[in-house]
Amino acid sequence: MSHNRVLSMAKKDIILTTRESFFLYMVMMPIIATLVINAALGSVGASNPTLAVYGDENVASLLMSEQSVDVTLFSSIEALQDAVMKGEYDAGLIVSQDPKLLFSGKSLLNERAILWATTSYALKESYGEPDTMIFDTRILSEEGLPLKVRLIPFLLILSAMIGGLIISSSLIEEREQKTLDAVLVTPMTPFEVIMSKSLYGLFLGLMLGAIILVLNNSLNSPLVVLFLLFGTLFTVGLGLIAGVVMDNITDLIARMKLFQLFIQLPAFIVLFPQIPQWLGKFVPTYYFINPILEITQKGAVWADVWWQWAILVVCDILILLLASRVLRKRMTGERISH
Amino acid sequence: MIIEANDLTYSYGKNLAVDHISFSVDQGEILGFLGPNGSGKTTTVKMLTGQITPQEGGAKVLGHDVSKDLKIIHEKIGVCFEEKNLYPRMSVKENLEFFADLFDSSMNVDDLMKKVDISKWSDKRTETLSKGMQQRVMFARSLINDPDVLFLDEPTSGLDPISADQIRKMILEEKRKGKTIFLTTHNMMEADVLSDQVAFINEGKIVALDTPENLKLKLGLRNLKIKIRTGKKFIEETLPLDGPDTPQKAKKLLENKNIATVHTQEATLEEVFIKLTGRKLGR
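Chains as they are written, first to last, in this note's numbering: chain A, 1 to 338; chain B, 1001 to 1283.
If you're looking for bench data, these hints aren't it; they were derived computationally from the structure. No residue lacks a Cβ here, since even glycine has one placed at the ideal position from N, Cα and C. Any given hint could turn out to be false.
Stated by the list, open to error - To spell it out: a stretch of chain B is covered by chain A in this simulated footprint if at least three of its residues, at any positions, have a beta carbon under 8 Å from a beta carbon of chain A; those stretches are: (1) 1056-1065; (2) 1068-1082.
What the hints assert, rightly or not - DSBU-like mimics (lysine-lysine), calculated; alpha carbons at most 30 Å apart, straight line: (3) A:329 <-> B:1060; (4) A:329 <-> B:1076; (5) B:1084 <-> A:329; (6) A:178 <-> B:1131; (7) B:1169 <-> A:178; (8) A:178 <-> B:1060; (9) B:1124 <-> A:11; (10) B:1114 <-> A:11; (11) B:1177 <-> B:1233; (12) B:1205 <-> A:178; (13) B:1275 <-> B:1218.
Please build the complete structure, drawing on both the sequences and the hints.
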């Protein structure tokens, strides 16, 4: 395989992508959707976690001077607990001899980390406690993800699908315009064409996924990148199959609409918690988005998610084997250009 | 032999497109592959350039098997397609540079554009070019790796007479450089002017293969045309040169003092083709 040819082909695809409004729309769609959702749900420019405080006013004023949290003083423990239970605040701090930090079940993992660190610092400054503060932390109300977070799986699957869609539409376009015929009478092999388009789709899907995670403050672990990589690889396999099997772009878009419902099912189930969650486990993309949510929002570690990674890898292998079988059949028969 | 085909055969389902054809082309020769639409010309090019694999028989290009050694063959051939297949959203120069990269060619793209007279469209997207301009760009693309063998599939099809003539001149220039050229065309005049050998293909079979001159001499009718003035009118007599009583008739006519013109008339390749196949070459 020639790296130069693969890179030349990818470079050419980048040039063509940036000159086609349809491709640009596809690439920009998940980023714009993320920004719109964040703006609509009030998280853009107001990302400080909120803290309700009851007790020592010195601690409260110290916390109020912190830039990283928004503090509100409460006059009773009951009112504080009620507000945190309702999810009006990410956490409540009851300052007493045994300080208690109560987290709302709806608060996000990164918000909890900020709140824990800030309150620990304030208590230590006020009371001169040892370096490691120990205080009672509890989670009030049933843990559930806020709407903004429940939309992340949709956007992640969408960006991965766009990686696959770019591959399929690019392959179909080359077949329709017969440019692939011209490429395949050069030293470039069909394998190099497929490799180039797959790498481009994978790169694009990964970049979009990473942007979405960054915009949602969720790119906080290498494990997330691992699941993003293998999740996008799955859609790359689907894109390759679609690119070879579909006759034209119209055909691709028509079938995509149906297929998208299946691929997005796990995201749909996360969005509506009242739907039985086990239903999502029958769709491969569940093992892409569910561990990412568990890692970013619940602090899951490798020991908690390895089995989901194993299932995702098996799904990847199966889809890539199917893709290579479809491609080989086309290449040895009429080749991919016919 | 630079191109050697033996019993090449290919079917699309039940439709036999190329039916056990054999031929060879020497270095520096132009083989004109003549036939009407659907006769198997493009399928033959596709087999010789490795776009499809022969279902029976085989072929060698530059001594390499088209079914096995595609990579080596592709490094040394240039293909100009009948259908326009440039990247429409890329400029002329970007198209050529991309293909130069695929060949890892050291050829200067600016020089090539100058040579094929397309420099003035260098920065224009190919989707904005006319058919004739695109054809020239495709011809330039087929030269990007300075190939030993050129496969030109209907290179002048649909072009205006001036553009077609310029392409023909460029083909002859490549021949002068010693390149071997496989030229498919339905244009008998083009084949006659350019080709060292002509193969007539009809319904997937080669029905004749020889030099244009030989084909016309062997299979075409040669006539003697004598025009005689009678007052204000002319009478034209046409005598077949090979006719048994032609010498006597010609002698008698030539004794006439009112002869206006005397011409010999050669057969055209089209007439030869019609004689062989019973059908016209036109598209």
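Tested hints:
no.	hint	verdict
1	1056-1065	violated (count 0)
2	1068-1082	holds (count 6)
3	A:329 <-> B:1060	holds, 25 Å
4	A:329 <-> B:1076	holds, 27 Å
5	B:1084 <-> A:329	holds, 27 Å
6	A:178 <-> B:1131	holds, 16 Å
7	B:1169 <-> A:178	holds, 27 Å
8	A:178 <-> B:1060	holds, 25 Å
9	B:1124 <-> A:11	holds, 19 Å
10	B:1114 <-> A:11	holds, 25 Å
11	B:1177 <-> B:1233	violated, 52 Å
12	B:1205 <-> A:178	holds, 27 Å
13	B:1275 <-> B:1218	holds, 11 Å
Comparing the model with each earlier hint shows violations of hints 1 and 11; every other hint is respected.
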